[in-house]
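Those letters in the sequence shown? Residues 1 to 553, by full-length UniProt numbering.
Keep in mind the hints are simulated off the structure, nothing from the lab. A hint or two may mislead.
If you anchor each label on the Cβ, the simulated ranges turn out as follows [claimed, not checked]:
(1) 136 / 62: 49 to 59 Å
(2) 173 / 535: 22 to 32 Å
(3) 150 / 36: 41 to 51 Å
(4) 428 / 325: 26 to 36 Å
(5) 17 / 145: 44 to 54 Å
(6) 137 / 341: 25 to 35 Å
(7) 144 / 178: 25 to 35 Å
(8) 148 / 65: 45 to 55 Å
(9) 205 / 178: 19 to 29 Å
Backbone N, C-alpha and C fix where the C-beta goes; we use that ideal spot for every residue, glycine too.
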Amino acid sequence: MDDVVLILTPRGRDAAVAADLLRRHGVSTRVCADIDDLNAALASGAGAAVASEEALNAGELRGVLDWLERQPPWSDFPFIVLANGDKGLRAARAQETLDLLRNVVLLERPLHAESLVRAVRSALNARRRQYEARDSLARSREELERLVAERTREREEALAQLHEAQKLETIGQLTGGVAHDFNNLLTPVMGNLDLLRRRIAADDPRSQRLIENALQASSRAATLVQRLLAFARRQDLQPSAVDVAGLLAGIEDLIARSIGPTIVVDVEASADLPAARVDPSQLELALLNLAINARDAMPGGGRLTIAATFEEVGPESRHRIKEGGYVRLSVADTGVGMDASTLKRAVEPFFSTKGLGKGTGLGLSMVHGLAAQSGGALTLSSTPGLGTRAELWLPIADEEAAASEKPQADAPRAVGSATVLLVDDEDLVRLGTADMLADLGYSVLQAGSGGEALRLMRSEAGDIDIIVSDYLMPGMNGADLIVEARRLRPELPGLLVTGYTNLTQGPGADLPRLAKPFRQTELATRIAELVEAARSRPATVSVLARPAPRSRG
Numbered sequence: 001m002d003d004v005v006l007i008l009t010p011r012g013r014d015a016a017v018a019a020d021l022l023r024r025h026g027v028s029t030r031v032c033a034d035i036d037d038l039n040a041a042l043a044s045g046a047g048a049a050v051a052s053e054e055a056l057n058a059g060e061l062r063g064v065l066d067w068l069e070r071q072p073p074w075s076d077f078p079f080i081v082l083a084n085g086d087k088g089l090r091a092a093r094a095q096e097t098l099d100l101l102r103n104v105v106l107l108e109r110p111l112h113a114e115s116l117v118r119a120v121r122s123a124l125n126a127r128r129r130q131y132e133a134r135d136s137l138a139r140s141r142e143e144l145e146r147l148v149a150e151r152t153r154e155r156e157e158a159l160a161q162l163h164e165a166q167k168l169e170t171i172g173q174l175t176g177g178v179a180h181d182f183n184n185l186l187t188p189v190m191g192n193l194d195l196l197r198r199r200i201a202a203d204d205p206r207s208q209r210l211i212e213n214a215l216q217a218s219s220r221a222a223t224l225v226q227r228l229l230a231f232a233r234r235q236d237l238q239p240s241a242v243d244v245a246g247l248l249a250g251i252e253d254l255i256a257r258s259i260g261p262t263i264v265v266d267v268e269a270s271a272d273l274p275a276a277r278v279d280p281s282q283l284e285l286a287l288l289n290l291a292i293n294a295r296d297a298m299p300g301g302g303r304l305t306i307a308a309t310f311e312e313v314g315p316e317s318r319h320r321i322k323e324g325g326y327v328r329l330s331v332a333d334t335g336v337g338m339d340a341s342t343l344k345r346a347v348e349p350f351f352s353t354k355g356l357g358k359g360t361g362l363g364l365s366m367v368h369g370l371a372a373q374s375g376g377a378l379t380l381s382s383t384p385g386l387g388t389r390a391e392l393w394l395p396i397a398d399e400e401a402a403a404s405e406k407p408q409a410d411a412p413r414a415v416g417s418a419t420v421l422l423v424d425d426e427d428l429v430r431l432g433t434a435d436m437l438a439d440l441g442y443s444v445l446q447a448g449s450g451g452e453a454l455r456l457m458r459s460e461a462g463d464i465d466i467i468v469s470d471y472l473m474p475g476m477n478g479a480d481l482i483v484e485a486r487r488l489r490p491e492l493p494g495l496l497v498t499g500y501t502n503l504t505q506g507p508g509a510d511l512p513r514l515a516k517p518f519r520q521t522e523l524a525t526r527i528a529e530l531v532e533a534a535r536s537r538p539a540t541v542s543v544l545a546r547p548a549p550r551s552r553g
């Protein structure tokens, strides 16, 4: 703001006296010779104007009035008019002119010097507040524009994330469906290979080796399916005692192929590393996610170091995990690194620094979720220009759990004389499973649907010891079937066989489950456990009449 006070009192020495008085009180002044000079001075900038009443001729004020009309909304230029003292005469000739000036303070002459000084200072303060209001409005406008731009950007990002999530959901549904169908195909393949192995003589090592190779390939295919299901979020965690060193050795080649030849991969694991309690498939996926993140941070190549060590965590741990032993898996790269603000948000779902379409923003959040669900933690550290280190802390498996993770033994035989009602709408799966059960010594009744199974239940209820049903079937699913079957036989054990393992709601939530694809030993063990448990319980009486058992000839 220009603090200059314009003075227009062309008669006598009023202008010089007023200017001298104001300058002595620290006010800058400019004396104007006439109305045109005042108009030019207003255009150059001023804080207020002091004018004598007789100098303000309405006919000559057009330029000044035009300038006042062009003022922005925040501006109201102040005039101090030195009045003649004849109010009646002013009312007749000059009141209209004063009204045209809008913001006017009248000082009657003769006036005291202090009155003029106070009036000028008051006018300058008011003018200064107008400029402050202008600046405040400008800042508010800028802040509003910034907020609108920020909200618009956030909305666009949210929409982009929603579209990305919808795309992922669609891909997940497709992936889950393909994985389920693939599980159905793998189940008879692995079952028949198990049956062949039992029938091939032990002195035929070549045939045994071929079958074992096929079983290993099928197991790898099953692991791939579990990864697909994990991506589709249709699999619960299946923790077990995991040999982390062995897992790293098995996945090293996959990581090296995934991140390309420009990055050197070093894998280090302590020789005496204890087993960790974690879902092995999810751990492999987590390590692969971390490796891919590291690859993207090293576009020009670099070094990726994966190390596994044992660490004892005390009560003062900064990782907010329970006391005890942990396997610490560290994945360190020599990439571009992250600043503090990026690192703070790194594990947020959908947060990504790769740009739209180049990453889902779910990789680190999935790793973080795995660590938390496993009873451990994920920690991140990074330095811009030097690289990033991710540490996955996993609790060690207790000795009893680790000892229970043994290679598969021969399948247990049938529990006494037992009959299995086998229900699956997929003929290949049902026939292959029936062959495995028959090989184990079970009597098998087969049904291709829930309705057919219930008809068999009504005619053979007394002979059936357990119902084994696929979950996903047309019409009635396996969980509903077992619930209906227990209306006929309340004590009847049931086993759900499914390619999905996340049945956390509905009637199937508490039913025993067996995940596809399964080996003969797994099937035999689960059935034997359930049948033995049912036979050890006191018998209950159904409110419905049960028909007498009949011979199947």
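Each hint tested on the structure:
| no. | hint | result |
| --- | --- | --- |
| 1 | 136 / 62: 49 to 59 Å | violated (33 Å) |
| 2 | 173 / 535: 22 to 32 Å | violated (41 Å) |
| 3 | 150 / 36: 41 to 51 Å | holds (50 Å) |
| 4 | 428 / 325: 26 to 36 Å | violated (45 Å) |
| 5 | 17 / 145: 44 to 54 Å | holds (50 Å) |
| 6 | 137 / 341: 25 to 35 Å | holds (32 Å) |
| 7 | 144 / 178: 25 to 35 Å | violated (50 Å) |
| 8 | 148 / 65: 45 to 55 Å | violated (38 Å) |
| 9 | 205 / 178: 19 to 29 Å | violated (36 Å) |
Hints 1, 2, 4, 7, 8, 9 from the earlier list are contradicted by this structure; the remaining hints agree with it.
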